[in-house]
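Here is how the chains run, residue by residue.
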Amino acid sequence: MRNADRSLTLNKSRNIRMILFCLPALLVYIIFFIGPMISNITYSFSNWNGFSRHIKWIGFRNYKNLISDNIFISSITHNIMYTAVVLIFQLGLALLFALILYKKIWGQNFFKTVFLMPVILSSITLTFIWSYMYDPMLGFINHFFDIIGCGFLKQSWLGDQRIALFSVAFVNIWQYVGYSMIIFIAGLNTIPESLFEAARIDGAGIWGTFRKVTLPLLAPSMTINIVLTTLGSFKVFDLIYLMTNGGPNNSTEVLATLVYRTGFTYGSMGYATAISTVMLLIIMIIGIIQTTILRSREITY
Amino acid sequence: MKDRLLPVKYFILILYSIIILVPLIIIFFGAFKTAGDLSNNPFGFPKHIALDNFAKAFVKGNMLIFFRNTIFISVISIAIITILSALAAYAITRINFKYGNAIYYLFMIGLTIPVQSIMIPSYLLMGKLHLVNNIWSLVIVYVSSCMSFSIFILSGFFRTIPLEVEEAALIDGCSEFKTFTKIILPLGKPALTTIIIFNLLTIWNDFYNPLLYIRDDNIKTLSLGLAKYMGRYVSNYPTMFAAVVISSIPIIMVFLALQKQFVAGITAGAVKG
Chain A
6 MRNADRSLTL NKSRNIRMIL FCLPALLVYI IFFIGPMISN ITYSFSNWNG FSRHIKWIGF
66 RNYKNLISDN IFISSITHNI MYTAVVLIFQ LGLALLFALI LYKKIWGQNF FKTVFLMPVI
126 LSSITLTFIW SYMYDPMLGF INHFFDIIGC GFLKQSWLGD QRIALFSVAF VNIWQYVGYS
186 MIIFIAGLNT IPESLFEAAR IDGAGIWGTF RKVTLPLLAP SMTINIVLTT LGSFKVFDLI
246 YLMTNGGPNN STEVLATLVY RTGFTYGSMG YATAISTVML LIIMIIGIIQ TTILRSREIT
306 Y
Chain B
17 MKDRLLPVKY FILILYSIII LVPLIIIFFG AFKTAGDLSN NPFGFPKHIA LDNFAKAFVK
77 GNMLIFFRNT IFISVISIAI ITILSALAAY AITRINFKYG NAIYYLFMIG LTIPVQSIMI
137 PSYLLMGKLH LVNNIWSLVI VYVSSCMSFS IFILSGFFRT IPLEVEEAAL IDGCSEFKTF
197 TKIILPLGKP ALTTIIIFNL LTIWNDFYNP LLYIRDDNIK TLSLGLAKYM GRYVSNYPTM
257 FAAVVISSIP IIMVFLALQK QFVAGITAGA VKG
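Quick note, the sequences are listed as chains A and B, same order.
Just so you know, the first sequence maps onto residues 6 to 306 in the working numbering.
Just so you know, the second sequence maps onto residues 17 to 289 in the working numbering.
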């Protein structure tokens, strides 16, 4: 640690006491978090059904079966589509709003509060709100299209397998734009005003300043937003489980709901742990790749 | 140049505010409407204020019990998390040998792990401990799963507290524990507030773990309890809305009261990430 060279910490008995301070947290965390994570990987090499005392170890067979499992493959595809849509629109909108709101503007705090409000709502609350909004018969959205004379835009938002996944993604975006915006605003506030002035004096337009000054200097908050949003939306469970439960016709099934269904509805614990191990690997790999690539692009001034 | 863009800026801000607020307003007013009133007049004030949606939600929906359970679980879990993570974060930032870093990174693993990667063994473990369908299983799950984030935020903050402050206390003969409670905790208040807000939000809103561990109605949390309305009142939106309004009010109050700390927490979490 970076305090290592300080005189106070060069003391053995103090170290032992410090470890005692750590111990309760460490024990709970290892027993109830790290332990299950490791046994999850172990179970993925078995065909265990969750009940029988006898566990048969079957090597990589679960993983081999996954490759030819259509629902597994389509779930991954849905995860990727969902994450891509959320990334583009959530971060795009968040950046736009951050650029408007980071400087003093009348009503600044009001807009920030409003944009941030959905972040605190629970997934069940969001589900109630949006199942109503999307309801094909009674819902507000279709009702609204009728009123403005655009009846042809009416959809069965959660019932049509071509658009259900995007309808759920929209709710995710609606909830978290404010969150990403706050991170962008914090990033924008660290850019010295003098750099914008220098760009202006050099005759850069709004777009030029944005591309040459704002965007490169915003790279650290971009990294954080991309990583947080990707990981968050790749793990999506609640909204899908509650709003569509993977349907219609598996068109919104994602890895998280598939693990739950396979393990707790069908009782194939071994297979479910294999799916969740793949999910864990994907998340780790994405996290590492994104962090390395994006970090290497960051510059300091 | 700026002035020319100002109308565009306000157009964007107001348009998006409408997109955020319209659903919230519909739900809020809808909670006071009859089903018929809602479908004729979704947006706008209720014709006459109907409170029986709330009565239904409270009486038939067991809302009071769900509230009690959620508050109980949140308070106990947050108390334990805060104490354990503060102790650990303090020790991690003050420990002086190579394993100090190792402990820190061990905790940081938890930041990326999806709950699906631990839930099956964790469910079996709770079964062995006879804690399935028991409120304490949730407390244990929350304490262990909120630890990483809490330690991450707290140790980031504790590192910024100069050692000289506690050195003086230690030289004066204060024990480490006393130094911790009398000096570190008061100085660490902003970071402690942050983790309390975020953990409260996580626990109060959590749906997944109650779904996994809780079966009986009398120990359900708000999120899980509300989920059963989905099937029962599927076309009776006003009752659902009343339940949503009741369950969200406490968390919205906390948000409005502590918004500054909430924003600071998002920023702190992000900057140190």
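It is worth saying that the hints were derived from the structure and are not from the lab.
Watch out, some of these pointers could steer you wrong.
[Said to hold, decoys possible] Among the chain A residues that face chain B by a calculated CB cut under 10 Å, a handful are:
1. 24
2. 33
3. 39
4. 133
[To be verified] Here are the simulated SDA-like cross-link-like pairs (lysine to any residue), alpha carbons at most 20 Å apart as the crow flies:
5. 117(A) with 56(B)
6. 276(B) with 159(A)
7. 198(B) with 218(B)
8. 25(B) with 28(A)
9. 205(B) with 224(B)
10. 159(A) with 171(A)
11. 114(B) with 28(A)
12. 276(B) with 111(A)
Every residue gets a Cβ at the ideal spot worked out from N, C-alpha and C, and that includes glycine.
Here is what the structure says about each hint:
no., hint, result
1, 24, "holds (7 Å)"
2, 33, "holds (5 Å)"
3, 39, "holds (7 Å)"
4, 133, "holds (5 Å)"
5, 117(A) with 56(B), "violated (33 Å)"
6, 276(B) with 159(A), "violated (40 Å)"
7, 198(B) with 218(B), "violated (29 Å)"
8, 25(B) with 28(A), "violated (53 Å)"
9, 205(B) with 224(B), "violated (30 Å)"
10, 159(A) with 171(A), "holds (15 Å)"
11, 114(B) with 28(A), "holds (17 Å)"
12, 276(B) with 111(A), "holds (18 Å)"
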